[in-house]
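Assemble the whole structure, with the sequences as input and the hints as a guide.
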Amino acid sequence: MTTDRTAGEAADRVAGVEVRPVAGNIGAEITGADLAGPLDDAVVALIRQAVLRWKVVFFRGQRLDHAGHVALARRFGDPVVLGRRGSVSPAGFPEVETTADRLELGGRFGMEHAEWLDRRRHTLLRGWHCDHGARIDPPAATILRAETVPPYGGDTTWANLAAAYAGLSAPVRAFVDGLRAEHRLGVGYQPRPGDDAYVRHLLDHQVASVHPLVRVHPETGERVLFVNGYYLERITGVSRPESAALLEMLLEQAVRPEYTVRFRWEPGSVAF
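Using full-length UniProt numbering, count along the sequence shown one by one with no gaps and you end on 272.
FYI, nobody ran anything at the bench for these hints, they're computed from the structure.
Fair warning: this is a prediction, and the values are worked out from it, not measured in the lab.
Every residue gets a Cβ at the ideal spot worked out from N, C-alpha and C, and that includes glycine.
One or more hints might be untrue.
Claimed, not checked - Just the calculated beta-carbon pair ranges, DEER-fashion:
| id | residue 1 | residue 2 | range |
| --- | --- | --- | --- |
| 1 | 82 | 13 | 35 to 41 Å |
| 2 | 179 | 37 | 23 to 29 Å |
| 3 | 239 | 218 | 40 to 46 Å |
| 4 | 149 | 129 | 18 to 24 Å |
| 5 | 152 | 13 | 18 to 24 Å |
In structure tokens, the structure reads:
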């Protein structure tokens with residue numbers, strides 16, 4: 001692989017594929033790659049290194065279908081199959097979750113799609129999350145693709161939790177290094193009087209796991225704040241008021257603008 005460096009920001013290239021950072025601490029756009037076609041090992045390695053360096057990478061104008069999506073994921077590891085979610089995945093592709101899957105979940109609980117979306121919008125408290133963060137073994141990455149997008153809105157924002165950790169003062173880093181936290185499905189929901197059956201189902205079937213508050217990335221060795229407002233229930237070993245105060249501080253640190261990147265979706269966009 002050859003790497004070209006420009007003044008200021010880095011631009012990595014191999015076989016016509018180029019990585020260009022889009023923000024200071026997180027995010028890069030990769031051009032010249034056809035994700036639906038065969039990718040040689042050098043391009044796969046370039047993409048992998050870009051994900052490790054920039055945490056999320058973006059592609060435009062891709063032609064992936066479900067089979068191509070799964071095949072792409074397999075170049076980077078073993079795709080996760082969720083038993084219950086897989087039951088409403090596209091036929092033959094249990095690795096894939098779609099917006100339609102989530103709408104069907106609402107239908108299974110007696111709601112029309114519009115009502116389901118409205119209740120999600122008004123019931124979900126904290127949208128910052130790590131995909132499947134309540135699992136004992138959360139996935140290393142998620143590959144998202146857009147087929148149909150709204151004319152406006154619907155952007156997605158990511159945060160670099162390694163940069164957020166590095167931005168803490170040394171005494172605070174030393175303190176949080178020794179803490180652990182409980183992650184639980186349903187923390188981001190709040191039941192309301194007369195709330196729908198799906199939220200009650202979530203709260204009655206919670207899955208919990210305990211992780212270090214600071215994880216060490218197995219490939220880069222970076223220390224990462226493993227915090228999010230959607231799954232993280234409490235810091236263990238401290239009182240609930242202490243936990244709440246610490247989490248408020250750490251969650252605010254995690255999503256400071258300088259640690260985030262915002263992406264505008266188009267049909268054919270892919271985020272990894």
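Consistency of the hints with the structure:
no.	hint	verdict
1	82 / 13: 35 to 41 Å	37 Å, holds
2	179 / 37: 23 to 29 Å	46 Å, violated
3	239 / 218: 40 to 46 Å	32 Å, violated
4	149 / 129: 18 to 24 Å	20 Å, holds
5	152 / 13: 18 to 24 Å	33 Å, violated
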